[in-house]
Each structure stands twice: as structure tokens, then as C-alpha cells.
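A.B. asks: So the chains spell out like this:
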Amino acid sequence: MALIEPILNKKTAERVEAQIRSGGRNTPNLLFQGSLLAALLFALFVLGVLLFDVITDSWPVLSERFGDFLASPKRSSAEASGVFQGLRGTFWIGVAVILLTFPLGIAAAVYLEEYAPDSRLTRLIDINIRNLAGVPSVVYGILGFTLFVSLFNGVLGDREITLGRTTTAGALTLAILALPVVIITSAEAIRAVPDSLKEAAYGVGATKSEVIRSHILPYAAPGILTGTLLSLARALGEAAPLILVGAVQGRLGSRTGFFGLEQLGERFTAMPIIITGYAKEPGSDWIPVTAAAIVILLLVVLSFNAAAVLLRNRFESKREG
Amino acid sequence: MTTTALPDAGGEGILSGNRRRHNRERVIRYAVTGAALTSIGITIAIVASLIFRAGQFLIHLVNPTEVDLEEAGGEAVGLGALWGDQWAPRFFEFDIKTLLVGSIVVTIVAMAVATPIGLGAAVYLSEYANSTVRKILKPILEVLAGIPSVVLGFFALRWISPNLVQNIFSGAEGQNLLAAGLGVGLLTIPLVASISEDAMRAVPNSLREASAGLGARKMSTTLSVVLPAAISGLVAAFIVGTSRAIGETMVVFLAAGASGNQALFTTNPLERGSTMTAAMASQASGTDGTISELGFNSLFFVGFVLFAITLTLNLIADRFVRRVRQAY
Numbered sequence: 592m593a594l595i596e597p598i599l600n601k602k603t604a605e606r607v608e609a610q611i612r613s614g615g616r617n618t619p620n621l622l623f624q625g626s627l628l629a630a631l632l633f634a635l636f637v638l639g640v641l642l643f644d645v646i647t648d649s650w651p652v653l654s655e656r657f658g659d660f661l662a663s664p665k666r667s668s669a670e671a672s673g674v675f676q677g678l679r680g681t682f683w684i685g686v687a688v689i690l691l692t693f694p695l696g697i698a699a700a701v702y703l704e705e706y707a708p709d710s711r712l713t714r715l716i717d718i719n720i721r722n723l724a725g726v727p728s729v730v731y732g733i734l735g736f737t738l739f740v741s742l743f744n745g746v747l748g749d750r751e752i753t754l755g756r757t758t759t760a761g762a763l764t765l766a767i768l769a770l771p772v773v774i775i776t777s778a779e780a781i782r783a784v785p786d787s788l789k790e791a792a793y794g795v796g797a798t799k800s801e802v803i804r805s806h807i808l809p810y811a812a813p814g815i816l817t818g819t820l821l822s823l824a825r826a827l828g829e830a831a832p833l834i835l836v837g838a839v840q841g842r843l844g845s846r847t848g849f850f851g852l853e854q855l856g857e858r859f860t861a862m863p864i865i866i867t868g869y870a871k872e873p874g875s876d877w878i879p880v881t882a883a884a885i886v887i888l889l890l891v892v893l894s895f896n897a898a899a900v901l902l903r904n905r906f907e908s909k910r911e912g
Numbered sequence: 056m057t058t059t060a061l062p063d064a065g066g067e068g069i070l071s072g073n074r075r076r077h078n079r080e081r082v083i084r085y086a087v088t089g090a091a092l093t094s095i096g097i098t099i100a101i102v103a104s105l106i107f108r109a110g111q112f113l114i115h116l117v118n119p120t121e122v123d124l125e126e127a128g129g130e131a132v133g134l135g136a137l138w139g140d141q142w143a144p145r146f147f148e149f150d151i152k153t154l155l156v157g158s159i160v161v162t163i164v165a166m167a168v169a170t171p172i173g174l175g176a177a178v179y180l181s182e183y184a185n186s187t188v189r190k191i192l193k194p195i196l197e198v199l200a201g202i203p204s205v206v207l208g209f210f211a212l213r214w215i216s217p218n219l220v221q222n223i224f225s226g227a228e229g230q231n232l233l234a235a236g237l238g239v240g241l242l243t244i245p246l247v248a249s250i251s252e253d254a255m256r257a258v259p260n261s262l263r264e265a266s267a268g269l270g271a272r273k274m275s276t277t278l279s280v281v282l283p284a285a286i287s288g289l290v291a292a293f294i295v296g297t298s299r300a301i302g303e304t305m306v307v308f309l310a311a312g313a314s315g316n317q318a319l320f321t322t323n324p325l326e327r328g329s330t331m332t333a334a335m336a337s338q339a340s341g342t343d344g345t346i347s348e349l350g351f352n353s354l355f356f357v358g359f360v361l362f363a364i365t366l367t368l369n370l371i372a373d374r375f376v377r378r379v380r381q382a383y
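Going line by line, the protein sequences match chains P and X.
Each residue of the first sequence is one higher than the last, beginning at 592 in the numbering used here.
Each residue of the second sequence is one higher than the last, beginning at 56 in the numbering used here.
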């Protein structure tokens, strides 16, 4: 007895019948789905191995002298070295990104979504920003070197001492690097604001800037904040541009405190650079120190990432519900 | 007084409101326009800073100044230095193909890892995972995307190279292009996955439903309906991933093992090598006194080549992405 008769040929009919009678089990399908899941779990596995490897390597340092490790600079022996100067540099870079990139990036996104006419110039700006997001970070280092180190002599501080390779030069370089991603993600968030919301505001006589301030930006705020947090995390993890700008990979002779403003005109290092310097040291006694520095950097970067993801999930489910 | 006697600000008549409000609008418009134009300024500044010294590098190769001659030991270097058997600015050997081939080897290894894993993960997330599973599994890729490249460089150097590469290939050196390529591949997975997933989610459900309605299994639907429909986006994911892999610096700088910015030409991924990006980072980390001007400017020349390659790839990828947007 055949379930399917006239149109199909016999072979197809048999296959379909076998399919229907097999009780829903389907080996190729399961294999396919399994290998897809395996791809995803491979990423999880790598992440697990990486974190396990780094944490076990770092344990001697983190368990025995955590406070000392946070408070020490790089010294000639691994046992006495720490990440103080790296944390300090990374903090100031973060400040620059927040103060410069966020306002500039959000303003540019507002222009693209709310003001820009449908013109050639707009399309050029649009393509240009997306290309900037794909420019390798090391190339931003070249820009930073030419502009802030060579041309502006490090912006602050004494050129004779710093050769222009100041904290300010490094921070400005990463602020520029983070800009395109901030613009792109903010523009996406602004695009998602419903027209009805804007029209309601225009309808009661608000001007464009008032609509933007009172309706568009508040509604888009979670999306904008998510994007900016992610780009901040990315900027804080970047090492290549800072190497080009001349961040110190070895020992940095500096007695400036964590919040001391005078360091803006002094030579600098940052967490990723400290890690690079430690990783390049020969000798296995530097491995725990390198791993410990990595754990600290991961704590900083991943907490920004986690905040961004949580924020997005929370608002996504709120708006859906 | 009649309404026509009201001050006419900006030619919009009675609806134009008061002048201060109007001025404020104008100021804000100028401010945001200026912010957007900054991005053009950045691109111009990047190109200018690359071209100036890259050009200087080439000109000084052909037409050495007295300083160049002195630094090079009395002999003119010449354009021939761009083709040899090693990249070693200290010895005035600038064989660009050493770096190009190094970059290509690393990129091929990286994409051999990132394409199947990234695409597989994306297909699972987009076609198979329900929203709960998605919410649990998607953050894995997001965390991986958030790991700084210097961390993966350390991982490639201290774990991938000894535990994988040297275990499998007995002849491999402690630092090698293969380990670097694998590290770069891990970094590229989330990027490939996220662009591919976006492309597949943009495929309208009606196509899937039509396919299911004809009796196709989920696998057939995925392979012969969803993937072909999303192909532009998938190609874009591959190209953007390639561009990212070529431009990745820190993993190669730490794990590929070219020390002191000197690398012999090699096509063997088990040997030490250098890439365009690693050569730039090494050149910049050298101590200032020992670098000749020619050697220093070679950094900009390499940067220019790198920029040109990634820009081309990004523009091509942009074309493909736009095709997806137009289609649906």
C-alpha cells in the first residue's frame, strides 16, 4: 500500500514513505544539526581552555600577592613586578574615549539619521565610516604617530623628554579608533526609534533638536550605551596602535600617582602593552606575571562587555513584552 | 497688529517661532554636521600620514640623501631591495613578498578555522536554536569577541604552539606562523559568525515556510534555500573576516616569532615568520637610536600596502552587504 500515488515516481514515493514511517528520526538531519552545534561548542571549548590556562598560570601571583601586584610597576625581577602603570594608562585611555568619542560619535550618528539629506556627501560619509571601522588597528597607530606624536609633539608635556610619546597621544589615538564603531552602533539605535514617537513630538510643536533631546535620544539610550560600552571595551584591549605611538613595553620610570594629571604629558604604558612586554620577556618566571596581568585586563574588558550584553537583553525583553 | 507684521525669521513665516530658538537649531545642526565630517577628516589624515612617509621611503631608495648613504654604509640601497629573500630593515633588505606571503599564510590558516566554525555557529543560532538556547549560547561568541587580541597572542604562544602545533608536527619551531594563524582564526570566528547570522536572519520566513510546505527537511531547507538566499551576506562575512585576519597584529607579533623585525622568506607555516602587521609593530618597538630613517619609513610603506589591501576588501564586502539589503 502506498501513501502517495500518482504524481511522484516510485523511488521518490518510497523515500517519502520511509521518511514518514521512520517515526521522525532522521540521521543526516541529526548529524547536520550536531555538527553545527559542535561548531558553537568548539568556541565555548576554546574559551574554557583559554580561561583555565590563564587562570592556573596566574594563580601563584594572584593568590600570594594580589594587592602588591596591583600596586607595583614593572621591575627587573618577575617576582616584584606588577601592573600599576598599566592600569593607570588604561584608565586615562578610557577617560579620553568616554569624553571625546562618545559625544562626537553620538552627534555624528544623530546627523546621519536625523539631519543628513539623501545626497552624495551623505553616502560618502556613510561608506567612509563603515570603511574606517574596518581599518586595521595598527594603521590607526600610524595616524596617531604622525598626528599626535610627530606633528603635535605629544600634545602635552616636554618634547625633549617624551619624544612626543605621551599618555595624551596614546589616548587620543584610541579615541579616534573607537569613533567609527560608536557612530555605527549609535546610528542603528537611533534608526530603531519608531516614527510615531517622533511625529507625536513634532505634532505638539517641538523643534528638531527638542525632539532629538526629549524623545529620540532617551528612547535610543540603551542601544547607544550598549554600543559605546562595547567599543570602549575594544579600545581598552587594543595594543597595536599604542605600540606604534610609542607606549613603553619595558620598565617605565614614573612616580606619578594614579590620578596625577601631570602624566598626561609623560611617557606611558597600558594594560595590553604591559602584557606584551611581559610575554616578550624570556624565562618562565615571567609566565605567571603575564597570565596575572591578562586576568586583570580580562576582568576590566569583560565586565564592560557583560554590562553591555545585560543592558541590551534587559531592554530587548522589556520592549518586546 | 495683524499677523503679517510678525517678524519673519528664516522665511518660514508665522510658524518659524522666535529667533533664539531658531538660532539654537542652527547651532545644533552645524555641530552634528561637523561631527559627521570629522570622519572624513580622519580618513584623509590616515591616507596623508601613510602616503607622505611611504613616498619618502620609495624616493630615498632611488635617490638616497647623504644621511641615507651614511646609514647604509656608503652604498645606495636601490629599488632592488624590495625584492630579495628576507625582510630586515636593519640590513636594508625590504623584501615585501616575505611579509605579503607571511600575511597570506596566516590569513589562510585563520580563515580555514574561522569560516567553518563561524558559519556553523551562525547557522545553528539562526536556523536551529530556539530563543532560550540562543540566549544562552550567543553570549559565548560575544565573550570570545570581547577577548583582546594580545590575550589570544599569549594563548597562541604558550598553549596552541606547544600543545597543538608542536605535538602534531614534530618539526615545528616554538614560534611559528601556524600557531599565529590559529590564534587569529579564533579571533575571527565571532566576526564571521555575527555577519553570517545577520545575513541568514534577513532571509524572509516565507521562503523557509514554502520549502517546508513542499516537504523539505530542515537540513534541505537550510542548505538549499536559506544559505543560497543569504549568499551575498555570507560572502561579505568571509571577506570582512579575511580583512580582519590580514590586519590582526598582536597575535602574530607575539606568536609568529620574527624577532627584531627580521624575517626570512618562507611559505612553511611551521617556521618562524612575519606579516605586514607584525613587521610594523616590531619596527615601532625597536630602540630609537638604532633605527635608520629608511628603516623607520619602511613601516609607513608596509602600512600603506596593508591599508590598500584591507580597504579594497572592505569595499568589496560593502557591495555584497548592500545586495542583501536590496534583496529583502
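By construction, these hints were calculated from the structure, which means they are not laboratory data.
Keep in mind the model is a prediction, meaning the values are calculated, not measured.
Here a beta-carbon is modelled for each residue, glycine too, at the ideal position from N, C-alpha and C.
Incorrect hints may have been included.
Said to hold, decoys possible - Which stretches of chain X does chain P cover? Using the computed rule of at least three CB atoms under 8 Å from a CB of chain P, they are: (1) 75 to 82; (2) 100 to 108; (3) 149 to 157; (4) 221 to 235; (5) 353 to 361.
Unchecked claim - Below 27 Å or equal to it, Euclidean Cα-Cα: the simulated DSS-like pairs (lysine-lysine) are: (6) P:K871 / X:K152; (7) P:K601 / X:K152; (8) X:K273 / X:K190; (9) X:K273 / P:K602; (10) P:K909 / X:K193; (11) P:K909 / X:K273; (12) X:K193 / X:K273; (13) P:K789 / P:K799; (14) P:K909 / P:K789.
A.B. asks: Each of the hints needs a verdict: does it hold here or not?
C.D. replies: Evaluation of the provided hints:
1. 75 to 82: Satisfied; 3 residues make the cut.
2. 100 to 108: Check passed, 7 qualifying residues.
3. 149 to 157: violated (count 0)
4. 221 to 235: violated (count 0)
5. 353 to 361: holds (count 4)
6. P:K871 / X:K152: 26 Å, holds
7. P:K601 / X:K152: 60 Å, violated
8. X:K273 / X:K190: 21 Å, holds
9. X:K273 / P:K602: Holds, because 21 Å separates the two Cα atoms, which is no more than 27 Å.
10. P:K909 / X:K193: 19 Å, holds
11. P:K909 / X:K273: Roughly 31 Å between the alpha carbons, so the hint for K909 of chain P and K273 of chain X is violated.
12. X:K193 / X:K273: It holds: about 21 Å lies between the C-alpha atoms, which stays within 27 Å.
13. P:K789 / P:K799: Holds, at about 9 Å.
14. P:K909 / P:K789: 20 Å, holds
Going down the numbered hints, you'll see the structure goes against 3, 4, 7 and 11, while the others check out.
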